[in-house]
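Peer 1: Heads up, the sequence shown is in UniProt numbering, so the first residue is 1 and it goes up one at a time.
Derived from the structure by calculation, the hints contain no laboratory data.
Among the clues, some could well be false.
To be verified - Derived CB-CB ranges, DEER-like: (1) 45 x 92: 23 to 31 Å; (2) 45 x 243: 34 to 42 Å; (3) 48 x 243: 40 to 48 Å; (4) 117 x 201: 17 to 25 Å; (5) 225 x 247: 32 to 40 Å; (6) 7 x 52: 22 to 30 Å; (7) 25 x 226: 34 to 42 Å; (8) 169 x 111: 21 to 29 Å; (9) 76 x 25: 38 to 46 Å; (10) 180 x 48: 26 to 34 Å; (11) 44 x 144: 37 to 45 Å; (12) 168 x 111: 33 to 41 Å.
Just so you know, these numbers come straight off a predicted model, no measurement behind them.
Note that the Cβ used here is the ideal one computed from N, Cα and C, for glycine as well.
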Amino acid sequence: MADHQDRSFEELVAEGVAVPTEGWDFSWFEGRATEARPSWGYAVSLAGRLAGARAVLDVQTGGGEVLAFALGRAAGAPALLAATEGWPPNVARATALLRPRGVVVVDSGEDAPLPFADGAFDLVAGRHPVRPHWEEIARVLEPGGTYFAQHVGPGSAFELVEYFLGPRPEAARDTRHPDRERAAAEAAGLEVVDLRAERLRMEFHDIAAVVHFLRKVIWMVPGFTVEAYESRLRALHERIESRGPFVAHSTRHLLEARKTRKTR
Numbered sequence: 001m002a003d004h005q006d007r008s009f010e011e012l013v014a015e016g017v018a019v020p021t022e023g024w025d026f027s028w029f030e031g032r033a034t035e036a037r038p039s040w041g042y043a044v045s046l047a048g049r050l051a052g053a054r055a056v057l058d059v060q061t062g063g064g065e066v067l068a069f070a071l072g073r074a075a076g077a078p079a080l081l082a083a084t085e086g087w088p089p090n091v092a093r094a095t096a097l098l099r100p101r102g103v104v105v106v107d108s109g110e111d112a113p114l115p116f117a118d119g120a121f122d123l124v125a126g127r128h129p130v131r132p133h134w135e136e137i138a139r140v141l142e143p144g145g146t147y148f149a150q151h152v153g154p155g156s157a158f159e160l161v162e163y164f165l166g167p168r169p170e171a172a173r174d175t176r177h178p179d180r181e182r183a184a185a186e187a188a189g190l191e192v193v194d195l196r197a198e199r200l201r202m203e204f205h206d207i208a209a210v211v212h213f214l215r216k217v218i219w220m221v222p223g224f225t226v227e228a229y230e231s232r233l234r235a236l237h238e239r240i241e242s243r244g245p246f247v248a249h250s251t252r253h254l255l256e257a258r259k260t261r262k263t264r
C-alpha cells in the first residue's frame, strides 16, 4: 500500500496531476486504487480469437496496450492487423507499441467513419470504445464476421461522478445500457450472440488516485480540474484519511455480435 497517509493533500494532488495520462496502462494505480475485473477476462479471450482470424481491426485502441497483450498471448497472428485511435498522444503511443507487432495504426477520430473498405475484416474488436458506431462496424465486417468487445456499462463509477457533480438524471445512467446496445447492433444488421454484464467494486485509497483517474477518464467529470473542484477534493481527502477507501462500482458488459446480412 502506498504511504499516502503520511503525505499532505497538496503533495498527493501534485502527484496525481503530474502522472501522464496517455494510453490505457493503469499500472500506476497499483497500491492506491483497485478495480475488480470481469469474470470473462476480455484480453485473454481476445487472444484466443486472434489466431483464427484473417483480418482484425481494433477500434479506439487507446495506447494499444490491450491489443499488444492479446497478441503476446495469441497462438498465431492474423495476416492483416489494424487499429484506430483519435487522440494524438495515444496515436503516437499505440504506433510505437503496435507497429513492431505488425499492426497498422490509423489516426481516426472516434466520430469519424472508419477509413476501411466494406467487408475488410472478419473480426472487429474494442475495449471500452467511447461510443460504438454500429453502422460502421457492420459495414467493415464481412458477412459472418464478428464484433467482440468489452464496453463500459450504465452508471459506471457513478458514486464518484455524483460526489463531484451531484445526483445525475436517470437518463444519464442509462445511456450505455446493454439492452440499448443490443437493439442498436441489431438495427445495424448484427446478431448479438453473447451479452454478459457485471457490476464491479472499485476502491480509491488516496486523493492522488482520484485526481489521476478523473484526468485520465475525462468523460466522468467533464472539464475536471483540480482548481475547479479543490474544495470537494480536499473534503474527499479528509474522508479517505478518516474512514478509509472511497468505494464506487464500475459496470462492464461483454458483447459478441455476428454480421448476418449485407449492409448499405
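Peer 1: Starting from the range 33 to 41 Å, see whether the pair residue 168 and residue 111 falls in it by beta-carbon distance.
Peer 2: violated, 23 Å
Peer 1: Does 38 to 46 Å hold as the CB distance between residue 76 and residue 25, or does it fail?
Peer 2: violated, 25 Å
Peer 1: Quick check on a hinted range of 34 to 42 Å for residue 25 and residue 226, using CB atoms only.
Peer 2: violated, 22 Å
Peer 1: Taking 21 to 29 Å as the hint, is the beta-carbon distance of residue 169 and residue 111 inside that range?
Peer 2: holds, 24 Å
Peer 1: State, for the Cβ atoms of residue 7 and residue 52, whether the hinted interval 22 to 30 Å holds or is violated.
Peer 2: violated, 49 Å
Peer 1: Note whether the CB distance of residue 117 and residue 201 lies within 17 to 25 Å or breaks it.
Peer 2: violated, 43 Å
Peer 1: Given the hint of 23 to 31 Å, check if residue 45 and residue 92 actually sit that far apart at their C-beta atoms.
Peer 2: Holds - the Cβ-Cβ distance for residue 45 and residue 92, about 28 Å, lies within 23 to 31 Å.
Peer 1: Can you tell me whether the CB distance of residue 44 to residue 144 sits inside 37 to 45 Å?
Peer 2: violated, 24 Å
Peer 1: Does the Cβ distance between residue 45 and residue 243 fall inside 34 to 42 Å?
Peer 2: 37 Å Cβ-Cβ, so the 34 to 42 Å window holds.
Peer 1: Do residue 225 and residue 247 keep their Cβ atoms within the hinted range of 32 to 40 Å?
Peer 2: violated, 24 Å
Peer 1: Verify the CB-CB distance for residue 180 and residue 48 against the hinted window 26 to 34 Å.
Peer 2: holds, 28 Å
Peer 1: Verify the CB-CB distance for residue 48 and residue 243 against the hinted window 40 to 48 Å.
Peer 2: Between residue 48 and residue 243, where Cβ atoms are some 42 Å apart, the hint holds.
The structure shown violates the earlier hints numbered 4, 5, 6, 7, 9, 11 and 12.
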